[in-house]
Amino acid sequence: MDDYDAEDFEFFQVLTHNHPHLYTRITKAGYLICIPPNGSLPRRPELIPHFIKSHVLRPSKEFLGVWFCFEDPGRQVEESKRWLSTRGESWSSQRKVKILAEDNIINSNGKSCRVYFLQNALVGGTHTPPTLAHTFPTTLTHLVDVLLQYSSR
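Residue 49 in the numbering used here sits at position 49 of the sequence shown; the count goes up by one each step and never skips.
The hints are simulated quantities; they were obtained by calculation from the structure and are not laboratory data.
Some hints could be false.
Stated by the list, open to error - Below are the DMTMM-like pairs computed for lysine to aspartate or glutamate, each with C-alpha atoms no more than 20 Å apart in a straight line: (1) Lys28 <-> Glu102; (2) Lys53 <-> Glu10; (3) Lys28 <-> Glu7; (4) Lys98 <-> Asp5; (5) Lys96 <-> Asp72; (6) Lys28 <-> Glu71; (7) Lys61 <-> Asp72; (8) Lys98 <-> Glu78; (9) Lys81 <-> Asp103; (10) Lys98 <-> Glu79; (11) Lys61 <-> Glu71; (12) Lys98 <-> Glu10; (13) Lys28 <-> Asp103; (14) Lys111 <-> Asp5; (15) Lys61 <-> Glu79; (16) Lys53 <-> Glu71; (17) Lys53 <-> Glu78; (18) Lys81 <-> Glu102; (19) Lys98 <-> Asp8; (20) Lys61 <-> Glu78; (21) Lys96 <-> Glu79; (22) Lys28 <-> Asp72; (23) Lys53 <-> Glu102; (24) Lys53 <-> Glu7; (25) Lys53 <-> Asp72; (26) Lys98 <-> Asp3; (27) Lys53 <-> Asp103; (28) Lys53 <-> Glu89; (29) Lys53 <-> Glu79.
Using the sequences provided together with the hints, build the complete structure.
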(Lines of atoms letter the chains of each structure in order from A; the text may use other names.)
(Lines give C-alpha, C1' and ligand atoms only; values in the text may rest on other atoms or scores of the structure.)
Protein backbone atom coordinates (compact mmCIF):
# COMPACT_ATOMS: atom_id res chain seq x y z
CA MET A 1 0.00 0.00 0.00
CA ASP A 2 1.23 3.52 -0.77
CA ASP A 3 2.61 5.72 1.97
CA TYR A 4 0.12 8.46 2.93
CA ASP A 5 0.71 11.46 5.20
CA ALA A 6 -2.31 13.43 6.43
CA GLU A 7 -0.29 16.68 6.28
CA ASP A 8 -0.07 16.32 2.48
CA PHE A 9 -3.85 16.65 2.07
CA GLU A 10 -5.63 20.01 1.82
CA PHE A 11 -8.60 18.59 3.77
CA PHE A 12 -6.39 17.90 6.79
CA GLN A 13 -4.57 21.23 6.44
CA VAL A 14 -7.88 23.16 6.41
CA LEU A 15 -9.18 21.13 9.36
CA THR A 16 -6.10 21.68 11.52
CA HIS A 17 -5.27 25.27 10.54
CA ASN A 18 -8.66 26.87 9.84
CA HIS A 19 -10.76 24.89 12.35
CA PRO A 20 -8.39 24.06 15.24
CA HIS A 21 -11.17 23.91 17.87
CA LEU A 22 -13.09 21.38 15.76
CA TYR A 23 -9.91 19.36 15.20
CA THR A 24 -9.20 19.30 18.95
CA ARG A 25 -12.77 18.18 19.68
CA ILE A 26 -12.56 15.42 17.05
CA THR A 27 -9.23 14.05 18.24
CA LYS A 28 -10.18 14.21 21.93
CA ALA A 29 -13.25 12.11 21.17
CA GLY A 30 -11.17 9.68 19.09
CA TYR A 31 -13.45 9.93 16.05
CA LEU A 32 -12.46 8.56 12.65
CA ILE A 33 -11.26 11.19 10.17
CA CYS A 34 -11.87 10.29 6.51
CA ILE A 35 -9.54 12.26 4.26
CA PRO A 36 -10.76 12.65 0.67
CA PRO A 37 -8.34 13.30 -2.22
CA ASN A 38 -6.92 16.75 -2.86
CA GLY A 39 -9.27 18.84 -4.98
CA SER A 40 -12.38 17.59 -3.16
CA LEU A 41 -13.02 20.60 -0.89
CA PRO A 42 -15.99 22.76 -1.88
CA ARG A 43 -15.08 26.01 -3.63
CA ARG A 44 -17.53 27.99 -1.51
CA PRO A 45 -15.93 28.60 1.93
CA GLU A 46 -19.28 28.49 3.77
CA LEU A 47 -19.72 24.83 2.72
CA ILE A 48 -16.35 23.67 4.06
CA PRO A 49 -17.36 23.13 7.75
CA HIS A 50 -20.31 20.92 6.69
CA PHE A 51 -18.05 19.03 4.26
CA ILE A 52 -15.49 18.44 7.02
CA LYS A 53 -18.13 17.23 9.49
CA SER A 54 -19.42 14.83 6.82
CA HIS A 55 -15.97 13.21 6.76
CA VAL A 56 -15.65 12.80 10.53
CA LEU A 57 -17.29 9.64 11.82
CA ARG A 58 -18.14 8.47 15.32
CA PRO A 59 -18.59 4.74 15.94
CA SER A 60 -21.97 3.17 16.59
CA LYS A 61 -22.33 1.99 20.17
CA GLU A 62 -24.42 -0.95 18.98
CA PHE A 63 -22.87 -2.24 15.73
CA LEU A 64 -19.29 -2.98 14.71
CA GLY A 65 -18.36 -1.36 11.37
CA VAL A 66 -21.16 1.19 11.54
CA TRP A 67 -20.37 4.89 11.88
CA PHE A 68 -22.37 8.11 12.11
CA CYS A 69 -21.37 11.51 10.81
CA PHE A 70 -20.19 14.05 13.32
CA GLU A 71 -23.27 15.85 14.70
CA ASP A 72 -25.66 14.19 12.20
CA PRO A 73 -27.02 10.81 13.35
CA GLY A 74 -29.14 10.60 10.17
CA ARG A 75 -25.99 10.04 8.13
CA GLN A 76 -24.78 6.51 8.59
CA VAL A 77 -21.68 4.92 7.05
CA GLU A 78 -21.02 1.19 6.92
CA GLU A 79 -17.53 -0.24 6.61
CA SER A 80 -16.95 -3.52 4.84
CA LYS A 81 -13.80 -4.98 3.30
CA ARG A 82 -11.93 -1.68 2.74
CA TRP A 83 -15.04 0.17 1.52
CA LEU A 84 -17.30 2.79 3.12
CA SER A 85 -20.95 2.92 2.04
CA THR A 86 -23.21 5.84 2.91
CA ARG A 87 -26.65 4.98 4.29
CA GLY A 88 -29.60 7.03 5.50
CA GLU A 89 -31.92 9.64 4.06
CA SER A 90 -29.76 12.60 5.11
CA TRP A 91 -27.21 11.87 2.38
CA SER A 92 -27.91 13.61 -0.93
CA SER A 93 -26.82 10.40 -2.70
CA GLN A 94 -25.68 6.94 -1.69
CA ARG A 95 -21.99 6.23 -2.30
CA LYS A 96 -19.51 3.44 -1.98
CA VAL A 97 -15.98 4.76 -1.47
CA LYS A 98 -12.77 2.76 -1.37
CA ILE A 99 -10.42 3.11 1.62
CA LEU A 100 -6.93 3.45 0.12
CA ALA A 101 -4.97 3.45 3.37
CA GLU A 102 -5.31 4.03 7.09
CA ASP A 103 -3.14 5.62 9.72
CA ASN A 104 -3.21 6.88 13.29
CA ILE A 105 -2.45 10.42 14.31
CA ILE A 106 -1.56 11.48 17.82
CA ASN A 107 -3.02 14.74 19.17
CA SER A 108 -1.20 17.13 21.52
CA ASN A 109 -2.59 15.21 24.53
CA GLY A 110 -1.15 11.92 23.28
CA LYS A 111 -4.55 10.50 22.27
CA SER A 112 -4.65 8.39 19.11
CA CYS A 113 -7.14 9.09 16.35
CA ARG A 114 -7.67 6.84 13.31
CA VAL A 115 -7.50 8.28 9.78
CA TYR A 116 -8.74 6.74 6.53
CA PHE A 117 -7.52 8.01 3.17
CA LEU A 118 -10.38 7.76 0.66
CA GLN A 119 -10.43 7.36 -3.10
CA ASN A 120 -13.35 9.83 -3.36
CA ALA A 121 -15.28 12.18 -1.10
CA LEU A 122 -18.32 10.92 0.82
CA VAL A 123 -20.28 14.04 -0.24
CA GLY A 124 -20.01 16.71 -2.92
CA GLY A 125 -18.46 16.18 -6.32
CA THR A 126 -17.30 12.79 -7.47
CA HIS A 127 -13.65 13.81 -7.78
CA THR A 128 -11.32 11.02 -8.78
CA PRO A 129 -7.63 11.88 -8.78
CA PRO A 130 -6.26 11.96 -12.34
CA THR A 131 -4.08 9.12 -13.52
CA LEU A 132 -1.91 9.04 -16.61
CA ALA A 133 -4.80 7.47 -18.49
CA HIS A 134 -6.97 10.48 -17.61
CA THR A 135 -4.26 13.03 -18.31
CA PHE A 136 -2.77 11.90 -21.62
CA PRO A 137 -4.36 10.44 -24.77
CA THR A 138 -4.01 6.69 -24.68
CA THR A 139 -3.77 6.03 -28.39
CA LEU A 140 -2.05 7.68 -31.33
CA THR A 141 -5.40 7.94 -33.13
CA HIS A 142 -6.89 9.92 -30.27
CA LEU A 143 -3.84 12.20 -30.20
CA VAL A 144 -4.17 12.90 -33.94
CA ASP A 145 -7.90 13.64 -33.52
CA VAL A 146 -7.17 16.11 -30.73
CA LEU A 147 -4.41 17.84 -32.72
CA LEU A 148 -6.63 18.11 -35.80
CA GLN A 149 -9.45 19.55 -33.71
CA TYR A 150 -7.17 22.27 -32.30
CA SER A 151 -5.52 23.07 -35.64
CA SER A 152 -8.91 23.65 -37.28
CA ARG A 153 -9.79 26.45 -34.82
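Right, here's what the structure says about each hint:
1. Lys28 <-> Glu102: holds (19 Å)
2. Lys53 <-> Glu10: Given pair lysine 53, glutamate 10 holds - Cα atoms ~15 Å apart, limit 20 Å.
3. Lys28 <-> Glu7: Cα-Cα ~19 Å, so holds.
4. Lys98 <-> Asp5: Holds - the C-alpha atoms of aspartate 5 and lysine 98 are around 17 Å apart, at most 20 Å.
5. Lys96 <-> Asp72: Satisfied, since the Cα-Cα distance of roughly 19 Å is no more than 20 Å.
6. Lys28 <-> Glu71: Holds. Lysine 28 to glutamate 71 sits at ~15 Å (cutoff 20 Å).
7. Lys61 <-> Asp72: Measuring from Cα to Cα gives roughly 15 Å; hence the hint holds.
8. Lys98 <-> Glu78: Holds, because 12 Å separates the two Cα atoms, which is no more than 20 Å.
9. Lys81 <-> Asp103: holds (16 Å)
10. Lys98 <-> Glu79: Holds: lysine 98 and glutamate 79 sit about 10 Å apart, inside 20 Å.
11. Lys61 <-> Glu71: Holds - the C-alpha atoms of glutamate 71 and lysine 61 are around 15 Å apart, at most 20 Å.
12. Lys98 <-> Glu10: OK: lysine 98 and glutamate 10 at ~19 Å, within 20 Å.
13. Lys28 <-> Asp103: holds (17 Å)
14. Lys111 <-> Asp5: Cα-Cα ~18 Å, so holds.
15. Lys61 <-> Glu79: holds (15 Å)
16. Lys53 <-> Glu71: holds (7 Å)
17. Lys53 <-> Glu78: Answer holds: lysine 53 to glutamate 78 is near 17 Å, not above 20 Å.
18. Lys81 <-> Glu102: holds (13 Å)
19. Lys98 <-> Asp8: holds (19 Å)
20. Lys61 <-> Glu78: holds (13 Å)
21. Lys96 <-> Glu79: holds (10 Å)
22. Lys28 <-> Asp72: Within the cut-off at roughly 18 Å; holds.
23. Lys53 <-> Glu102: At roughly 19 Å apart (the allowed maximum being 20 Å), glutamate 102 and lysine 53 satisfy the hint.
24. Lys53 <-> Glu7: Distance ~18 Å between lysine 53 and glutamate 7 Cα, so the pair holds.
25. Lys53 <-> Asp72: OK: lysine 53 and aspartate 72 at ~9 Å, within 20 Å.
26. Lys98 <-> Asp3: holds (16 Å)
27. Lys53 <-> Asp103: This hinted pair holds, its Cα atoms lying about 19 Å apart.
28. Lys53 <-> Glu89: holds (17 Å)
29. Lys53 <-> Glu79: The given pair, whose Cα atoms are some 18 Å apart, holds under the 20 Å limit.
Violation of the numbered hints given earlier is absent; every hint is satisfied by the structure.
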